[in-house]
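**Q** With these hints in hand, go ahead and build the complete structure from the sequences.
Protein sequences, first through last, are from chains A and B.
Letter by letter, the first sequence follows residues 1 to 225 of full-length UniProt numbering.
Letter by letter, the second sequence follows residues 1 to 136 of full-length UniProt numbering.
Since the hints were derived computationally from the structure, they do not count as laboratory data.
All figures in this text were calculated on a predicted structure; none of them were measured in a lab.
For each residue, glycine too, the CB sits at the ideal point set by N, CA and C.
Please note that a few of the clues may not be correct.
Unchecked claim - One side only, chain A facing chain B, incomplete, derived with CB under 8 angstroms: (1) Asp-4; (2) Asn-110; (3) Val-123; (4) Leu-133; (5) Asn-174; (6) Leu-198.
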Amino acid sequence: MLADIFPTGWHATEMAGVYPGDSVVIYGAGPVGLMAAYSAIIKGAGKVMVVDRQNDRLKLAEEIGAIPVNDSEVDPVEFVKDQTLGFGADRGCECVGYQAHDPGGTEHPNMTLNRLVDSVRFVGGLGVVGVFLPQDPGGPDKLEQQGQVAFDYGNYWFKGQTMGSGQCPVKKYNRALRDLIAGGKASPSFLVSHELPLDQAPEGYKNFDSREDGWTKVVLHPAGT
Amino acid sequence: MKAVVYKGPNDVSVEEIPDAKIEHPADVLVRITSANICGSDLHMYEGRTSFEPGRSFGHENLGEVVETGPAVSKVKVGDRVVLPFNIACGFCKNCERGFTNYCLTMQPEPKLAGAAYGFADMGPYQGGQAEYLRVP
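**A** Shown next, in the form of structure tokens:
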């Protein structure tokens, strides 16, 4: 957990500027999104909302004290505004990336970014750790193939938001997060669903990639379990 | 040694590849005990990156140090270690400012920055979904 996902989730909340009491919306309840939600809760956020549509992931979000939001059932932007007196969340994290897609499976690389801007309040902070790439030859349209997304910059600028993005500098956080675990204040392994020998990696990839129910995080053990 | 090898879109297999070994005096060699599958591995698994078939995945790695290079003094054989997915030198302009995610010296392509284990466009390093891992 300390090699990537816990520091990366923490980094998303750092870039967003999460402060005690804040309302926070997280797009994506994969391992990094769940770690971002967990980090926000550890930091004392007043309300954490996690948007996804996989019930196993949303259940984990609920178990750690976040509000699950199923975007195949409700409009997540409206939901967040309803939960925040119409203002939008104080902070938002994007933990999905360029392969964001609608419930039908069609990719919209700008979907979570624009929802993020829309559901975070004026002068709010955004942390984007979902992966975006300079080129994506397999992308759904010409713009995305050149690594460009139709971002609602006007709305973002008008709202005076700030955004941090990119990969996490793990060493900035891993010592502190290790000590949170060692001190019994954090247990990020709550999301691990499968521990497999190396030989079963193909099965792990297949099930994790197809979002099979219950496959929330796969740990491989090359040296045996 | 055995490793998870990327064969092409939606296709990985566990195969024998050349053993990881010390290649630089400051390297250590780690016997991997846990290597997670990450969501970012799935972008590569689905063939949506420039990740080259034949390379191995794995950037969430834990294990035990089994060998140290001659320039390594603090880390000892037998240490249990968790490895940041970033590979970083600690002395370049970006590392010195804390941006180990954008290291300039471990990334061999001068126009890019940042390196990682088994990751598209993040240097030539093998991944840790394998029995052993070279840690620069």
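**Q** Each hint: holds or not?
**A** Results for each hint:
1. Asp-4: It holds, given that the least Cβ distance between Asp-4 of chain A and chain B is near 5 angstroms, below 8 angstroms.
2. Asn-110: violated (16 angstroms)
3. Val-123: violated (26 angstroms)
4. Leu-133: holds (7 angstroms)
5. Asn-174: holds (6 angstroms)
6. Leu-198: holds (6 angstroms)
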